[in-house]
Amino acid sequence: MANTTKTQIEIPQSVVEYTLTFESPVIPSGDARVETVTSVLAAMKPWGFSLDGLETKLRSDKANEHAYVFRRTVPARPAASLALFYNKIFISGENLDWEGADEFIKTMSAGIEAVQGILRPKIASQNLVAGLHIQLKDRPTVDVVRPLLNAQAFKLIDGETKFSGVIVTGQESNVIIEASLVYANALWVRLFRDHSGGATFQEIAEALRADEERLFEVLGLEGIL
Amino acid sequence: MNDAALTPRVGLSNTLRGGFFADGMQNVGPEPLSDSLGQNGLAATIVGFSTTAYFDLSGLQRSPSKPGVVYNSIFTARVPDEFEIPFASLHPLPSDAEVRSVSAETLRFVSCEYNAFATRYVAEAVDQIYVLENRDEVEKFIRQNRLRAWLLQAVEPLNEAFGEGAIKALRLETDEEGGQTLFCLVKFPNTLDEARHALAFFDRMWWSAHCAPVAGKLNFDFELV
Chain E
1276 MANTTKTQIE IPQSVVEYTL TFESPVIPSG DARVETVTSV LAAMKPWGFS
1326 LDGLETKLRS DKANEHAYVF RRTVPARPAA SLALFYNKIF ISGENLDWEG
1376 ADEFIKTMSA GIEAVQGILR PKIASQNLVA GLHIQLKDRP TVDVVRPLLN
1426 AQAFKLIDGE TKFSGVIVTG QESNVIIEAS LVYANALWVR LFRDHSGGAT
1476 FQEIAEALRA DEERLFEVLG LEGIL
Chain Y
43 MNDAALTPRV GLSNTLRGGF FADGMQNVGP EPLSDSLGQN GLAATIVGFS
93 TTAYFDLSGL QRSPSKPGVV YNSIFTARVP DEFEIPFASL HPLPSDAEVR
143 SVSAETLRFV SCEYNAFATR YVAEAVDQIY VLENRDEVEK FIRQNRLRAW
193 LLQAVEPLNE AFGEGAIKAL RLETDEEGGQ TLFCLVKFPN TLDEARHALA
243 FFDRMWWSAH CAPVAGKLNF DFELV
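Residue numbers (the numbering used here), protein chains in the order written: chain E, 1276 to 1500; chain Y, 43 to 267.
Excised from the complex, chain E in its bound form (with noise of 0.2 Å):
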């Protein structure tokens, strides 16, 4: 049941974190990792990303581990970066609100099409993970989670509940409630959700989209997203 009070809140802190896997390794030749490379920085280089923030990991002794890090630059915050590697594709961006969201998802866009115009991957699945500390501004976290759990929850425990978190595990999508450990009364949201690998990154946004504000309607929060 969704809350009638909506409390106050702010995101001071969010990650999210994309990943794309294919179906088998693509190890590009010489050429090809080089015309990547290229592509790469070069279709991504509207956003700030350059060969001052191209990092190449290719010293380890395990083959999964080996990566081309392209992260972006100008401006260094907020945080974003696009890793290859020779099994996916995994996108980081941190502290992102959805009024840059069109120009990031242009950006990573254009990222992944230049690794699948030259490597061809064949695409076995996405996935999208965000995390969110949420601080509530004048309301104990613990009073949003309570309505959560069955009053038999809450018998676990003998004296005052702190704070109760949630689990709860969908078909495709999973969602966990913590408290933050960083943030003064504030929550820990992961939202998880696996995509096909035909969905685009603007239909995997949309979908995050809509899972936060699910998670506003049920908890009861109010604040920019």
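Note that these hints are calculated values from the structure, not bench results.
Watch out, some of these pointers could steer you wrong.
[Unchecked claim] Subject to a maximum C-alpha distance of 25 Å in a straight line, what follows is the list of computed DMTMM-like cross-link-like pairs (lysine to aspartate or glutamate):
| id | chain 1 | residue 1 | chain 2 | residue 2 |
| --- | --- | --- | --- | --- |
| 1 | E | K1412 | Y | E202 |
| 2 | E | K1412 | Y | E265 |
| 3 | E | K1281 | Y | E265 |
| 4 | Y | K182 | E | D1372 |
| 5 | E | K1437 | Y | E198 |
| 6 | E | K1437 | Y | E166 |
| 7 | E | K1281 | Y | E206 |
| 8 | E | K1281 | Y | E198 |
| 9 | Y | K182 | E | E1369 |
| 10 | E | K1412 | Y | E219 |
| 11 | E | K1412 | Y | E179 |
| 12 | E | K1412 | Y | E198 |
| 13 | E | K1281 | Y | E175 |
| 14 | E | K1412 | Y | E215 |
| 15 | Y | K182 | E | D1413 |
| 16 | E | K1437 | Y | E179 |
| 17 | E | K1412 | Y | E166 |
| 18 | E | K1437 | Y | D178 |
| 19 | E | K1437 | Y | E265 |
| 20 | E | K1412 | Y | E206 |
| 21 | E | K1412 | Y | D217 |
Start from chain E and add chain Y according to the hints.
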């Protein structure tokens, strides 16, 4: 190392000495950095040294570090309010202009790095206890007025007076003359009388004995919720 050659050029024996610029380390507060934070700064600073023309990592030796103080044979960084950089050039000393250039760049780099993790140092501990309103402004005010230590020390007496579960918000208020005070507002769910009693208890137990150094800059009050 050629101290005699270096001394007249930088105006100090074999040591560069400087204060931290802007609102960096000098505003962190009376207590030193933890060793782990010091290590972060040390690592970053070593990278800075190794990028200059006259120093490289082969010359780096570390003596055992003490908590809160970072030592090594090439430079010594003391926190919070000054640092020293004994020069130990591995190569023939550069020209006067080059010395000035390297010195300036090194000092700038050290200052920037400490600035960066000083900011994090202030924010992280305070964030675990207080809900910050207008985060950037409040964090800056805490650094500039060295309020971190007071805010951390106030936690126990606040909890004792108002209860552990009470939300503690930090709000920056500006008076008619433009003076600013950081208010810690305890969001109190009980009656006005109980809140007044708790605040008086807090004043007697801790605040009256500690308020003098930060008078006008920090204050404590409650808000009924």
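- Query: Given the proposed pairing of E/K1281 with Y/E265, does the C-alpha separation stay at or below 25 Å?
  - Reply: 19 Å, holds
- Starting from E/K1281, check that the Cα of Y/E198 is at most 25 Å away, please. Violated - the C-alpha atoms of Y/E198 and E/K1281 are around 30 Å apart, more than 25 Å.
- Task: Would you check the hint for E/K1412 and Y/E179, treating anything up to 25 Å between C-alpha atoms as holding?
- Result: 17 Å, holds
- Query: Quick one, are Y/K182 and E/D1372 close enough, alpha carbons at most 25 Å?
  - Reply: This hinted pair holds, its Cα atoms lying about 23 Å apart.
- Message: Just to be careful, I want the Cα atoms of E/K1412 and Y/E265 compared with a cutoff of 25 Å; is the pair within it?
- Response: The given pair, whose Cα atoms are some 12 Å apart, holds under the 25 Å limit.
- Item | Given pair status - Y/E179, E/K1437, alpha carbons within 25 Å | The hint is violated at about 30 Å.
- Message: For a C-alpha distance cap of 25 Å, please report whether E/K1412 and Y/E202 respect it.
- Response: Holds: E/K1412 and Y/E202 sit about 21 Å apart, inside 25 Å.
- Item | Pair hint E/K1281 and Y/E175, alpha-carbon separation not exceeding 25 Å | Distance ~18 Å between E/K1281 and Y/E175 Cα, so the pair holds.
- Message: Just to be careful, I want the Cα atoms of E/K1437 and Y/E265 compared with a cutoff of 25 Å; is the pair within it?
- Response: Satisfied, since the Cα-Cα distance of roughly 21 Å is no more than 25 Å.
- Query: Is E/K1437 within 25 Å of Y/D178, Cα to Cα?
  - Reply: 29 Å, violated
- Straight-line alpha-carbon gap E/K1437 to Y/E198, limit 25 Å: Holds, because 17 Å separates the two Cα atoms, which is no more than 25 Å.
- Message: So if I understand the rule, the pair passes when the alpha-carbon distance is 25 Å or less; does Y/K182 with E/D1413 pass?
- Response: With Cα atoms ~22 Å apart, Y/K182 and E/D1413 stay inside 25 Å; holds.
Against the hints set out earlier in the document, violations occur for numbers 8, 10, 16 and 18.
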